[in-house]
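**Q** Take these sequences, add in the hints, and give me the full structure.
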Amino acid sequence: EYMNPSDWLSLLLKRYPQLIAGGASPLEDQLEGFWEAYRLQHPSHEVFQKQCQLGVMRAEGPEGVATWKVALSAPLVFQSRMLIALAVIHSSLCPATGPQQIDCLTPKMRKIDQLGTNYYGHSFLKRYYLFGLPGYLYDGKPGILEQHLEVVAADLVSLFNTGVFVGEKQYFGALIASKGDMKFQSKTIAWMNRSYNNLGTRNHAGICGLCKAGEAHVPMEDVQLEPQWKGTMYLERPWSDDWVPAFTKIPFDPARPEWLYKLDFFHCFKVGLGRDLVGSGLVWLCELGIFDYENSSQNIDDRLCRCHSHFKLWALTEKYSPARRSFTKSFMNRKTSMDAAWSNSKGGDTMILLKYLRFQLSLVIRDAGPAVAQHVQILTLLRDVVDQGIQMCDLIYSHNILLPRKCASRLYLHIMVLIRGYKRVAAHCLQHNFSGFRLKAKLHAIAHIGLEIREGLKTAAARLLNPVIWACELNEDHIGHVARVSRKLATKTLGLRMAQRYLLNTKAIFRRHFAKQKFTKPRKG
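The numbering of the sequence shown is the numbering used here, which starts it at 1 and goes up by one.
Bear in mind the hints are in silico, worked out from the structure with no lab data behind them. Where a beta carbon is used, it is the ideal one built from N, C-alpha and C, also for glycine. One or more hints might be untrue.
[Said to hold, decoys possible] Across the chosen pairs, the derived CB separations fall in these ranges: (1) Leu-225 x Leu-504: 38 to 46 Å; (2) Asn-193 x Thr-380: 39 to 47 Å; (3) Lys-518 x Val-376: 54 to 62 Å; (4) Gln-228 x Gln-517: 47 to 55 Å; (5) Asn-505 x Ser-398: 27 to 35 Å; (6) Lys-249 x Asp-222: 29 to 37 Å; (7) Lys-249 x Asn-193: 14 to 22 Å; (8) Ser-326 x Arg-110: 46 to 54 Å; (9) Gln-298 x Lys-406: 44 to 52 Å; (10) Tyr-397 x Ser-326: 27 to 35 Å; (11) Lys-492 x Asn-193: 31 to 39 Å; (12) Leu-504 x Gly-289: 55 to 63 Å.
[Stated by the list, open to error] DSSO-like mimics (lysine-lysine), calculated; alpha carbons at most 27 Å apart, straight line: (13) Lys-141 x Lys-249; (14) Lys-440 x Lys-335; (15) Lys-346 x Lys-488; (16) Lys-458 x Lys-108; (17) Lys-108 x Lys-187; (18) Lys-230 x Lys-406; (19) Lys-355 x Lys-335; (20) Lys-183 x Lys-14; (21) Lys-312 x Lys-355; (22) Lys-141 x Lys-488.
**A** Written as structure tokens, this is what we have:
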């Protein structure tokens, strides 16, 4: 049992158009405003060849469960591991003009300039279930998920070519992204030959679907302003010539179809590079004796225990409520001293731990003793790197769907200081025989995000898309809700019963949402 994106689109347009885009402006104005902004960053998208004005929606999908979502947030502010963005096109409007660059906001772009991203509120208001597969099918029948994705892809092709009618208006759909963590994108969605799964210590192999980083003479850890791997982007497809991924069959960009598979900021930093900073940073402080006292044990278990006691006191003082209740070698993924530590923390805990690490590093630098004297300069750099990571997250999660140029420039600066400083800290630790701050594929992924912002700043666009629109936090939340319901259902009828319960739950959430909006609406006069 499954539901097509076109079915959801028809329902939302007929009964719940407020959930497609927020704000007081007409829906078509908001959708056209998005496409005017998007055209400046991706003018080669096939949707701009259609002879009609453009508007936008969005979709997604996970392992075993697929969902889709709307792109613009209500002013109250597929897990699918992928994001499918649907562009809604109102066919009765005048023909679209050719690509152009602007240095100021157009009237339509002003309609969405104050719209937030769809990362606030209940996830059922912005992400919509397509299908669910029980474990015995997902694990026992190879290829069944791919077959479901083919069905979704075929429906999206139909949306692009023929669209759906709502009354006398016709709407079309255009795919703008598939988002998710690297593992799901490379092994399930696109079956990429070049992916982080190839990362090793001996042989050269491509580790990036967008470029040839990792191959001979193309270092993935290059974080210069103009890295060597930039010249290899989009030259060769990252999948076999005799196989085409399901979503690549949907009209997107013939010159660079791999750009469809976006890098998820959440998995790249909060459960990526941020974890490496937390794990290696705290373990390094433990090995420097920061949490030792006279006659105290110096084994790593006791040091981590004392570190966690410091952390609990700090969190209580700062009024944080972390989910993590202890620090252990297992949590830090450091079985031996040769392992580069990284914390197995959730995204929210990672941000709390980064703030604690910044606080602790400031104390260590201020009261530097003999044990840390030779590392003060690098510890200061590490504190600045952590601070840049925190400011980077604060910026993108506090801004709307479009970033002003000044904010995009500041974000680019945060990213470059973060990745270049991280690499310098890693080199210092290697020179001093401390295994930590390993250079991984997610460092390279963040460099790609920074490069995309840099290329956008080279244009005259007044606004750039906020990278957080490709993040997956609320998708994880949505799948969590679905998974909890699925565990209460019989396995044999899970697909049908899950869809029924989901629709009932969604309708109740819609009703409460609109009732709350009506109740809180200020009275006239």
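**Q** Take the hints in turn and mark each one as holding or not.
**A** Each hint, compared with the structure:
{"no.": "1", "hint": "Leu-225 x Leu-504: 38 to 46 Å", "in the structure": "violated (53 Å)"}
{"no.": "2", "hint": "Asn-193 x Thr-380: 39 to 47 Å", "in the structure": "holds (42 Å)"}
{"no.": "3", "hint": "Lys-518 x Val-376: 54 to 62 Å", "in the structure": "holds (59 Å)"}
{"no.": "4", "hint": "Gln-228 x Gln-517: 47 to 55 Å", "in the structure": "holds (52 Å)"}
{"no.": "5", "hint": "Asn-505 x Ser-398: 27 to 35 Å", "in the structure": "holds (30 Å)"}
{"no.": "6", "hint": "Lys-249 x Asp-222: 29 to 37 Å", "in the structure": "holds (33 Å)"}
{"no.": "7", "hint": "Lys-249 x Asn-193: 14 to 22 Å", "in the structure": "holds (18 Å)"}
{"no.": "8", "hint": "Ser-326 x Arg-110: 46 to 54 Å", "in the structure": "holds (51 Å)"}
{"no.": "9", "hint": "Gln-298 x Lys-406: 44 to 52 Å", "in the structure": "holds (49 Å)"}
{"no.": "10", "hint": "Tyr-397 x Ser-326: 27 to 35 Å", "in the structure": "holds (28 Å)"}
{"no.": "11", "hint": "Lys-492 x Asn-193: 31 to 39 Å", "in the structure": "holds (37 Å)"}
{"no.": "12", "hint": "Leu-504 x Gly-289: 55 to 63 Å", "in the structure": "holds (58 Å)"}
{"no.": "13", "hint": "Lys-141 x Lys-249", "in the structure": "holds (24 Å)"}
{"no.": "14", "hint": "Lys-440 x Lys-335", "in the structure": "holds (19 Å)"}
{"no.": "15", "hint": "Lys-346 x Lys-488", "in the structure": "holds (25 Å)"}
{"no.": "16", "hint": "Lys-458 x Lys-108", "in the structure": "holds (22 Å)"}
{"no.": "17", "hint": "Lys-108 x Lys-187", "in the structure": "violated (39 Å)"}
{"no.": "18", "hint": "Lys-230 x Lys-406", "in the structure": "holds (24 Å)"}
{"no.": "19", "hint": "Lys-355 x Lys-335", "in the structure": "holds (25 Å)"}
{"no.": "20", "hint": "Lys-183 x Lys-14", "in the structure": "violated (37 Å)"}
{"no.": "21", "hint": "Lys-312 x Lys-355", "in the structure": "holds (13 Å)"}
{"no.": "22", "hint": "Lys-141 x Lys-488", "in the structure": "holds (23 Å)"}
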